[in-house]
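Just so you know, the sequences run in chain order C and W.
The first sequence begins at 1 in UniProt numbering and counts up one residue at a time.
The second sequence begins at 1 in UniProt numbering and counts up one residue at a time.
Keep in mind that the hints were calculated from the coordinates and are not lab data.
The beta-carbon is built from N, C-alpha and C at its ideal position, and this holds for glycine as well.
Check the hints yourself; a few may be wrong.
Derived DEER-like restraints, expressed as beta-carbon distance ranges [what the hints assert, rightly or not]: (1) W:G355 x C:S4: 56 to 66 Å; (2) C:N292 x W:R335: 18 to 28 Å; (3) C:W149 x W:N168: 41 to 51 Å; (4) C:G303 x W:Q394: 26 to 36 Å; (5) W:D277 x C:L77: 39 to 49 Å; (6) W:D277 x C:G303: 23 to 33 Å; (7) W:R137 x C:R161: 26 to 36 Å; (8) W:D391 x C:R161: 25 to 35 Å; (9) C:L5 x W:E352: 56 to 66 Å; (10) W:R137 x C:W225: 30 to 40 Å; (11) C:R161 x W:E352: 27 to 37 Å; (12) C:A88 x W:E352: 29 to 39 Å; (13) W:Y76 x C:R161: 34 to 44 Å.
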Amino acid sequence: MDASLFTSMLFATVVAGTPLIIVALGLLVSEKAGVLNLGAEGMMAMGAVAAFAVTHHSGSPWLGVLAGMGAGMVIALIFGMLTLTLMANQVASGLALAIFGVGLAAFVGKPYEAVALQAVPPIRIPFIADLPLIGEALYNQQALVYFSWALFWGLLWFLYRSRAGLVLRAVGESPASAHAIGYPVIRIRYLAVLFGGAMAGIGGAFLSVFYTPMWAEGMVAGRGWIALALVVFATWRPLRVMIGAYLFGGVMITQLFIQGSGLQIDFPSQLLSSLPYWATIVVLVAISRNANTIRLNSPVSLGKPYRPDA
Amino acid sequence: MSQSTSQPVPPPAATAPRLQLRGISKVYPTVVANDQVDLSVQPGEIRAILGENGAGKSTLMKIIYGVTHQSAGHIYWEGEEVRVENPAHARSLGIGMVFQHFSLFETLTVVENVALALPGNPALDELAQRITEVSERYGLPVDPRRHIHALSVGERQRVEIIRCLLQNPRLLIMDEPTSVLTPQAVRKLFETLRQLAAEGCSILYISHKLDEIQALCHTATVLRGGKVTGECIPAQETPASMARLMIGKDLPHCEHGAARTDGDVRLRLAGLSHASDDPFGTDLKDIHLDVRAGEIVGIAGVSGNGQQELLRAISGEDVLAERFPVQICGVEAGRLSPGQRRKLGLCFVPEERLGRGAVPGMSLADNALLTAAHSQGLLAGGFLRFERARDFAQRCIEAFNVKCGGPGAAAKSLSGGNLQKFIVGREILQAPGLLVCAQPTWGVDVGAATFIRQSLIDLRDRGCAVLVISEELDELFEICDRIAVIAKGRLSPTRPASETTVEDIGVWMSGMWPGADSSELPTNRAESLHA
Numbered sequence: 001m002d003a004s005l006f007t008s009m010l011f012a013t014v015v016a017g018t019p020l021i022i023v024a025l026g027l028l029v030s031e032k033a034g035v036l037n038l039g040a041e042g043m044m045a046m047g048a049v050a051a052f053a054v055t056h057h058s059g060s061p062w063l064g065v066l067a068g069m070g071a072g073m074v075i076a077l078i079f080g081m082l083t084l085t086l087m088a089n090q091v092a093s094g095l096a097l098a099i100f101g102v103g104l105a106a107f108v109g110k111p112y113e114a115v116a117l118q119a120v121p122p123i124r125i126p127f128i129a130d131l132p133l134i135g136e137a138l139y140n141q142q143a144l145v146y147f148s149w150a151l152f153w154g155l156l157w158f159l160y161r162s163r164a165g166l167v168l169r170a171v172g173e174s175p176a177s178a179h180a181i182g183y184p185v186i187r188i189r190y191l192a193v194l195f196g197g198a199m200a201g202i203g204g205a206f207l208s209v210f211y212t213p214m215w216a217e218g219m220v221a222g223r224g225w226i227a228l229a230l231v232v233f234a235t236w237r238p239l240r241v242m243i244g245a246y247l248f249g250g251v252m253i254t255q256l257f258i259q260g261s262g263l264q265i266d267f268p269s270q271l272l273s274s275l276p277y278w279a280t281i282v283v284l285v286a287i288s289r290n291a292n293t294i295r296l297n298s299p300v301s302l303g304k305p306y307r308p309d310a
Numbered sequence: 001m002s003q004s005t006s007q008p009v010p011p012p013a014a015t016a017p018r019l020q021l022r023g024i025s026k027v028y029p030t031v032v033a034n035d036q037v038d039l040s041v042q043p044g045e046i047r048a049i050l051g052e053n054g055a056g057k058s059t060l061m062k063i064i065y066g067v068t069h070q071s072a073g074h075i076y077w078e079g080e081e082v083r084v085e086n087p088a089h090a091r092s093l094g095i096g097m098v099f100q101h102f103s104l105f106e107t108l109t110v111v112e113n114v115a116l117a118l119p120g121n122p123a124l125d126e127l128a129q130r131i132t133e134v135s136e137r138y139g140l141p142v143d144p145r146r147h148i149h150a151l152s153v154g155e156r157q158r159v160e161i162i163r164c165l166l167q168n169p170r171l172l173i174m175d176e177p178t179s180v181l182t183p184q185a186v187r188k189l190f191e192t193l194r195q196l197a198a199e200g201c202s203i204l205y206i207s208h209k210l211d212e213i214q215a216l217c218h219t220a221t222v223l224r225g226g227k228v229t230g231e232c233i234p235a236q237e238t239p240a241s242m243a244r245l246m247i248g249k250d251l252p253h254c255e256h257g258a259a260r261t262d263g264d265v266r267l268r269l270a271g272l273s274h275a276s277d278d279p280f281g282t283d284l285k286d287i288h289l290d291v292r293a294g295e296i297v298g299i300a301g302v303s304g305n306g307q308q309e310l311l312r313a314i315s316g317e318d319v320l321a322e323r324f325p326v327q328i329c330g331v332e333a334g335r336l337s338p339g340q341r342r343k344l345g346l347c348f349v350p351e352e353r354l355g356r357g358a359v360p361g362m363s364l365a366d367n368a369l370l371t372a373a374h375s376q377g378l379l380a381g382g383f384l385r386f387e388r389a390r391d392f393a394q395r396c397i398e399a400f401n402v403k404c405g406g407p408g409a410a411a412k413s414l415s416g417g418n419l420q421k422f423i424v425g426r427e428i429l430q431a432p433g434l435l436v437c438a439q440p441t442w443g444v445d446v447g448a449a450t451f452i453r454q455s456l457i458d459l460r461d462r463g464c465a466v467l468v469i470s471e472e473l474d475e476l477f478e479i480c481d482r483i484a485v486i487a488k489g490r491l492s493p494t495r496p497a498s499e500t501t502v503e504d505i506g507v508w509m510s511g512m513w514p515g516a517d518s519s520e521l522p523t524n525r526a527e528s529l530h531a
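Let's have the full structure, built from the sequences with the hints guiding it.
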């Protein structure tokens with residue numbers, strides 16, 4: 001494989017993996033607090049359309065990202081009120097909001113379907129972007145790609161080094177015990193859900209403002225569901241989420257390349273298109289099958305409502 | 001009992017009470033848990049709160065600790081009226097509590113659990129150091145880096161106690177802290193508590209163990225049915241007189257006749273060795289034991305020495321590689337599943353009531369189905385016979401006087417002692433050929449504990465073989481015909497209970513029995529010996 005092809009495929013892999021990383025890490029935080037929000041697809045769609053509309057009207061992609069984040073948080077707040085205050089079932093509420101978010105985004109986005117945005121130029125990091133092979137692919141990227149890396153490191157520190165992260169994990173593990181030693185379980189869960197919504201919104205904004213950049217109904221294309229699956233198959237560990245997201249991106253780009261290369265291979269294209277989905281799942285299941293790791297990392301109270309006694 | 005040798009020092013002179021309760025009532029929709037309770041505790045005073053299960057002790061302590069709030073009445077902290085909003089508020093006042101039902105996080109490490117309960121943001125490495133120091137000073141050995149889920153019940157309780165002590169509380173509430181400690185550890189804990197009291201800390205000590213209260217407490221408040229039924233100075237009372245205050249009648253005791261020695265072997269462990277899956281578990285090493293029909297054999301030991309692994313190997317929760325090491329009623333059962341072993345006549349009371357002994361969210365009738373389906377004919381052609389399951393659950397409830405809302409009540413709605421009575425009852429009423437019972441009376445009050453013990457003895461007299469694994473030596477000596485000790489995954493020879501003493505067994509618990517392989521002595525031997 002020649003060098004420039006490798007560089008461009010690596011570039012495309014990173015771009016394809018980035019929204020998954022951002023969304024999945026956000027979901028990981030809410031799930032670590034014990035809240036399963038299946039509305040990721042809806043939050044991403046709302047984030048994408050809000051970001052696109054604000055960028056189109058204001059001309060600033062950064063205001064767009066903020067708007068996307070806000071839209072994701074609004075959906076997350078609705079989810080929080082349903083499940084944390086009103087104690088509705090988390091799975092049913094999440095599914096409803098996924099469908100609602102996708103539908104509302106399509107409705108709101110109708111006027112923008114024929115509009116194109118100006119591509120946002122990448123940010124080139126001096127010196128290291130000149131590295132051979134990987135420099136152009138990794139260090140001449142969109143700002144949100146760098147953000148996803150910062151998010152990863154920040155989250156590692158937060159979850160495993162900070163007290164707030166310890167409290168978050170404790171709440172997801174046993175809300176009753178956390179309440180007994182005096183932590184405001186419901187408030188912490190709200191914050192975790194809102195963080196998840198904010199990240200899903202940013203992930204959606206990345207799709208509509210930086211990645212394509214355009215708005216089309218259904219453009220989230222199941223990435224919210226993939227992000228949810230990534231978190232589970234990565235056994236709630238940030239590094240594995242990252243590996244999974246890039247694996248998904250890499251296989252996606254590779255199969256697109258094979259399909260577009262005109263190579264004469266005797267293999268149904270539908271199977272090829274499904275490759276990223278099952279390859280990611282198979283690999284993550286294979287690396288995460290140790291029962292002890294699963295027990296240590298999965299939030300015990302995930303999906304269970306908790307109401308503190310009076 | 002062993003630790004009652006030293007008399008408690010008299011309470012210090014009266015000053016402003018550290019804590020005073022006036023007319024505290026707590027009314028739940030169906031029950032009055034506390035009714036006009038008055039209580040006060042002075043600086044440096046160790047006050048016992050004595051009462052049976054359901055007397056309202058735990059509710060009262062939860063009110064003081066801010067977990068729940070009183071329906072009526074006033075709380076005064078160091079002379080000023082307060083309303084304890086939540087546990088964090090209680091801790092900021094200087095109130096610490098060791099819970100009976102642990103409030104630990106299983107997937108977190110010991111040091112993380114401790115950090116969660118401390119104010120500020122302590123550095124974990126430094127905190128681990130402090131935990132080690134405190135655990136050594138108070139004889140509560142625990143490794144700060146281990147995960148809670150890998151610890152035994154006794155070890156978890158140590159973590160609870162250490163977590164509390166690190167907060168330097170001015171009032172310490174201890175909810176039955178000794179239920180799973182060795183006599184040596186209890187004595188060490190009492191020294192700690194006396195030392196704390198001498199430093200001016202007030203202690204509220206909840207228990208139903210009369211000898212402990214006599215050994216430790218300056219004063220006692222007795223609760224029955226949510227009301228204060230008396231106050232006393234335990235040193236001036238007898239266990240019988242305090243028991244009368246507590247249960248309103250004389251204390252029952254077990255009838256224990258001589259055992260048969262000619263019964264057939266119902267459980268044979270023939271060189272059982274099994275490596276634990278858990279990296280922090282204990283490997284079982286070459287265990288030999290026979291339990292015959294018509295006798296009760298007890299296994300003593302400090303928790304975490306292989307009891308969990310032994311239970312799992314006998315019950316079938318861990319299936320062995322070979323058949324012969326576990327023989328149940330003459331059948332080599334090492335590779336059989338728990339259900340198959342039950343069909344051979346094994347019944348089993350696990351250590352954890354919720355999660356292993358019963359499914360918390362399911363009704364008592366459904367829980368009865370889970371272990372008694374085969375022996376009680378609760379199945380017909382693959383279908384469940386709900387009526388018979390309800391009847392069987394109802395029989396357990398009646399025979400063991402389980403206080404609950406009937407066979408339809410969820411297991412988790414029962415208090416710990418009542419659920420334990422139900423589980424023990426469910427197993428005993430199946431008339432097993434072999435009963436294996438872990439911690440049969442953990443958290444159960446005096447009256448019920450005596451009843452459970454007597455039931456085990458009666459079962460023995462009907463020709464059942466009984467194996468009891470317990471950390472309460474008094475209990476083992478009360479009911480067992482023969483006693484062995486487990487230490488570091490090895491089992492000592494058995495001794496007739498009548499020919500040995502609590503002190504001897506205490507030494508054996510550190511792994512030093514005659515003929516023990518001295519190169520395999522446990523690492524914490526020195527601590528246990530000097531405890």
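Verification of the hints:
1. W:G355 x C:S4: 56 to 66 Å: Holds: the Cβ-Cβ distance is about 59 Å, inside 56 to 66 Å.
2. C:N292 x W:R335: 18 to 28 Å: Because 23 Å falls inside the window, the suggested range holds.
3. C:W149 x W:N168: 41 to 51 Å: Because 43 Å falls inside the window, the suggested range holds.
4. C:G303 x W:Q394: 26 to 36 Å: Holds: the Cβ-Cβ distance is about 34 Å, inside 26 to 36 Å.
5. W:D277 x C:L77: 39 to 49 Å: 43 Å, holds
6. W:D277 x C:G303: 23 to 33 Å: 27 Å Cβ-Cβ, so the 23 to 33 Å window holds.
7. W:R137 x C:R161: 26 to 36 Å: About 29 Å separates the Cβ atoms of R137 of chain W and R161 of chain C, which means 26 to 36 Å holds.
8. W:D391 x C:R161: 25 to 35 Å: Because 57 Å falls outside the window, the suggested range is violated.
9. C:L5 x W:E352: 56 to 66 Å: 59 Å Cβ-Cβ, so the 56 to 66 Å window holds.
10. W:R137 x C:W225: 30 to 40 Å: Between R137 of chain W and W225 of chain C, where Cβ atoms are some 54 Å apart, the hint is violated.
11. C:R161 x W:E352: 27 to 37 Å: Since R161 of chain C and E352 of chain W have Cβ atoms about 32 Å apart, the given range 27 to 37 Å holds.
12. C:A88 x W:E352: 29 to 39 Å: 31 Å, holds
13. W:Y76 x C:R161: 34 to 44 Å: 42 Å, holds
Checked against the numbered hints listed earlier, the structure breaks hints 8, 10; every other hint is satisfied.
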